[in-house]
Amino acid sequence: MKDSEKIIRGVIASPGVAAGHAVRAFDPQFISFNYKLKLDHVNDESERFNRSVEKSRQQLLRMQTQLKKRSGPESSFLIDAHLLILQDKLFVDRIIAKIRADQINAEWAIQQVSDELFEAYDKLQDEYLRERRGDLDDIVRRLLHNLKTNAQPAFKKLPYDAILVGRAIPPSILFELRSRCIVGLVTETGSPLSHTAIMARSLEIPAIVGVEDLSGIAPGQLLIIDGDSGFVVCSPSKETVEEYKPRMKDRQRAARRSSGSAKPAVTTDHVTISLGANINFREEVDAVVATGCESIGLYRTEFDFFREGHQPGEESLASDYAQVLKTAGTAPVTFRTIDVGIDQKSWDGVNSNLGVRGLRFCLENQDVFKTQLRALYRASVHGTARILLPFVSTVDDLDAAREIIADVKQELDRKGHRYDLKVPVGVMIETPAAALTCDLMASRVDFFCLGTNDLIQYYLVVDRSDQSVMHLYNPFHPAILRCLNQVYSLLQPTGKPITVCGEMAADPPSAAVLLGLGFTSLSVSLPALPRIRKMIRSVSFSELHDLARQLLRMQKPKDVEEKVRATVGVSV
Amino acid sequence: MKEREVVIGHELGLHARAAAKLVQLSQQFQSSIVLVRAGEPQSVEADARSILSILLLAARFGCTLHVRAEGADEEEALEKVCEYLSG
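Note that the protein sequences, when read in sequence, are chains A and B. No gaps in the numbering here: position 154 of the first sequence is 167 in the numbering used here, and each next residue is one more. No gaps in the numbering here: position 1 of the second sequence is 5 in the numbering used here, and each next residue is one more.
Hints are computed from structural coordinates only; laboratory data are not their basis. Hints may contain errors.
Computed Cβ-Cβ distance ranges for the label pairs, DEER-style [said to hold, decoys possible]: (1) B:F65 <-> A:K571: 25 to 35 Å; (2) B:C86 <-> A:A231: 38 to 48 Å; (3) A:A110 <-> B:G91: 31 to 41 Å; (4) A:I20 <-> B:G75: 52 to 62 Å; (5) A:Q324 <-> B:S47: 55 to 65 Å.
Keeping only pairs whose Cα atoms sit at most 25 Å apart, straight-line, the calculated SDA-like set for lysine to any residue is [claimed, not checked]: (6) B:K25 <-> A:D106; (7) A:K102 <-> B:E78; (8) A:K571 <-> B:V11; (9) A:K102 <-> A:E132; (10) B:K25 <-> A:M76; (11) A:K102 <-> B:K84; (12) A:K19 <-> A:R154; (13) A:K19 <-> A:E132; (14) A:K136 <-> B:V11; (15) A:K68 <-> B:E79; (16) A:K68 <-> A:R154; (17) A:K571 <-> A:N498.
Ideal placement from N, C-alpha and C gives every residue a C-beta, glycine not left out.
Starting from the given sequences, assemble the full structure and let the hints guide the process.
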């Protein structure tokens with residue numbers, strides 16, 4: 014039995030163990046799901062496919078007309094080839110036959126037929142012809158995209174134990190991730206620091222990224238994700254499934270145990286550390302309240318904001334935010350205004366990490382920004398809200414944002430809306446520019462948050478989404494320690510509170526370094542709360558301070574990390 | 005049914021552009037047109053109206069194809085297709 018098993022390795026993005034059935038996320042841009050049809054839906058599905066073919070044909074004809082106008086008839090022959098594929102029996106008729114015979118959705122049928130053809134191409138000796146698979150690939154994408162516009166609520170049809178498998182899992186899937194039927198993620202690209210990975214951790218879904226080749230995994234295949242060891246078992250034997258069962262149950266029990274009884278986050282020398290929770294979806298507020306957490310230190314609002322796939326209206330946003338604040342009760346909620354541009358590299362190949370993201374986007378798209386701000390202020394009477402501006406790099410940006418906020422307040426006054434006059438406004442320190450000039454911003458804001466993920470990315474010049482440089486991403490790099498130390502020293506005289514809310518705060522050894530550098534407020538994802546609380550309760554703040562002084566004199570990241578682990582490692 | 009052998013005369017073989025033109029040509033006839041490339045371990049057959057199957061023939065310059073046409077205009081179809089293939 015063990016013979017049929019295959020193990021593929023990757024990088025751990027989210028720990029845990031899960032067993033489930035593979036669902037192929039076909040393409041990073043046009044994600045689609047595979048499902049079986051009821052017999053009486055087969056005709057509708059064939060029609061849906063035919064409409065997608067016709068729509069694709071019309072698009073190609075338009076492109077061809079434009080091309081001919083611009084550069085003459087010769088250049089449009091590639092489009093001829095695409096058009097001919099769209100009427101090719103070998104392709105189109107086979108897809109329809111598959112939909113009917115196997116009673117599967119069009120996306121799945123397209124995938125199966127094109128996979129067979131790709132396989133045939135890959136066997137060709139002729140390199141030039143092998144490359145023609147690119148034309149087919151193009152057509153496949155176009156068809157899938159045009160199917161997509163019918164807005165199928167595909168995720169409702171997932172098996173109850175779906176493991177999502179794909180080259181990349183794009184931001185658009187983050188909403189689907191919430192549906193309980195997804196139990197795991199496996200991708201070829203991405204890194205543990207991509208937003209998808211962060212999300213998987215916060216939802217406690219095991220995830221493996223950077224797997225070299227997923228083409229061997231068939232839809233519906235049984236998989237076990239071992240997110241603790243970093244591999245996936247394909248078609249596990251009964252024995253293997255039995256071996257894993259206790260670990261899956263242990264984890265569920267551990268998760269239940271960890272909620273509820275929260276002991277205070279106080280060090281052995283009686284220093285109280287403020288410990289907040291990071292959330293990505295409004296539904297997580299309940300869980301935060303249940304753990305007795307004292308604040309929501311970071312609510313990344315962009316995921317809820319773009320949940321419906323289009324810009325939300327002010328009314329629905331205002332009522333959502335009001336609900337968040339009401340549910341949070343006395344716990345303050347820090348709303349980070351939308352940070353667009355994150356992880357978009359997988360979307361369009363452009364590295365937007367250095368482009369228009371965060372506050373830059375909001376300043377360029379003031380309508381979007383103002384809508385969110387109006388909703389936030391209107392909701393502010395229902396609890397304790399704080400507004401956090403992401404990706405600030407100059408005092409000018411900050412002033413521009415403050416002007417917009419003043420406009421929004423005036424507008425609300427005119428319309429007679431009530432709002433909390435003193436909603437604190439803060440800045441996210443996540444660019445080197447903000448880190449070096451945070452003291453200059455201090456007089457203009459009420460608080461600061463330190464986003465270590467981006468800060469490390471920009472300081473060490475390591476793209477978070479690029480697997481090939483991930484080993485260089487290191488929170489123990491002396492440059493990072495110096496930077497954090499400097500931020501602390503610059504801000505201390507200003508008296509403005511600062512919370513560290515990046516992944517660095519969620520990993521016990523690096524969180525210990527943060528305490529050593531003087532930070533006394535952390536905010537981490539829900540699953541990380543218990544381990545960070547445990548770490549805090551086991552360390553001495555003053556000893557960590559002494560440790561940090563030693564670390565600041567060390568030369569190599571590896572030495573820093575070893576020293577930290579040797580000192581606090583036993584207890585955390 | 006009419007059949008004939010022809011040697012590919014296109015320098016690049018039946019590549020994307022040549023294949024597209026062959027499909028467009030074949031579509032002008034009512035007859036079914038099949039191309040067969042003899043080979044080991046097995047022969048490969050292609051429908052002259054299917055660009056994907058033509059590309060999968062991987063027929064290079066100088067390669068011999070067996071062309072079969074069947075239908076009302078089989079004679080003319082065979083003539084024109086062979087003429088095109090021989091370059």
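How the hints compare with the structure:
At roughly 58 Å, the beta-carbon separation of F65 of chain B and K571 of chain A lies outside the given 25 to 35 Å, and the hint is violated. A hinted range of 38 to 48 Å holds for the C-beta pair C86 of chain B and A231 of chain A, which are about 43 Å apart. Between A110 of chain A and G91 of chain B, the C-beta spacing of about 36 Å keeps the proposed range 31 to 41 Å intact. I20 of chain A and G75 of chain B have their C-beta atoms about 55 Å apart, which keeps the hinted 52 to 62 Å range intact.
In this structure, Q324 of chain A and S47 of chain B meet the distance hint of 55 to 65 Å, their C-beta atoms being roughly 58 Å apart. Under the criterion of a C-alpha separation no larger than 25 Å, the hint pairing K25 of chain B with D106 of chain A is consistent with the structure, at around 21 Å. Pair hint K102 of chain A plus E78 of chain B holds up; C-alpha atoms about 21 Å apart against a cutoff of 25 Å. Taking the CA atoms of K571 of chain A and V11 of chain B, the gap is near 66 Å; set against the 25 Å cutoff, the hint is violated.
Only pairs whose Cα atoms come within 25 Å are accepted, and K102 of chain A paired with E132 of chain A is accepted, the gap being roughly 18 Å. The suggested pairing of K25 of chain B with M76 of chain A holds, with an alpha-carbon distance near 19 Å, which does not exceed 25 Å. Restraint check: the Cα-Cα separation between K102 of chain A and K84 of chain B comes to about 22 Å, which is no more than 25 Å; the hinted pair holds. Between K19 of chain A and R154 of chain A the alpha-carbon distance is near 29 Å, which puts this suggested pair outside the 25 Å criterion.
Only pairs whose Cα atoms come within 25 Å are accepted, and K19 of chain A paired with E132 of chain A is accepted, the gap being roughly 21 Å. This hinted pair checks out: K136 of chain A and V11 of chain B have alpha carbons roughly 23 Å apart, not beyond 25 Å. Taking the CA atoms of K68 of chain A and E79 of chain B, the gap is near 37 Å; set against the 25 Å cutoff, the hint is violated. A hinted pair counts as satisfied when its Cα atoms are at most 25 Å apart, and K68 of chain A with R154 of chain A qualifies at roughly 13 Å.
A threshold of 25 Å between alpha carbons decides the hint, and for K571 of chain A with N498 of chain A the separation of about 19 Å falls inside it, so the pair holds.
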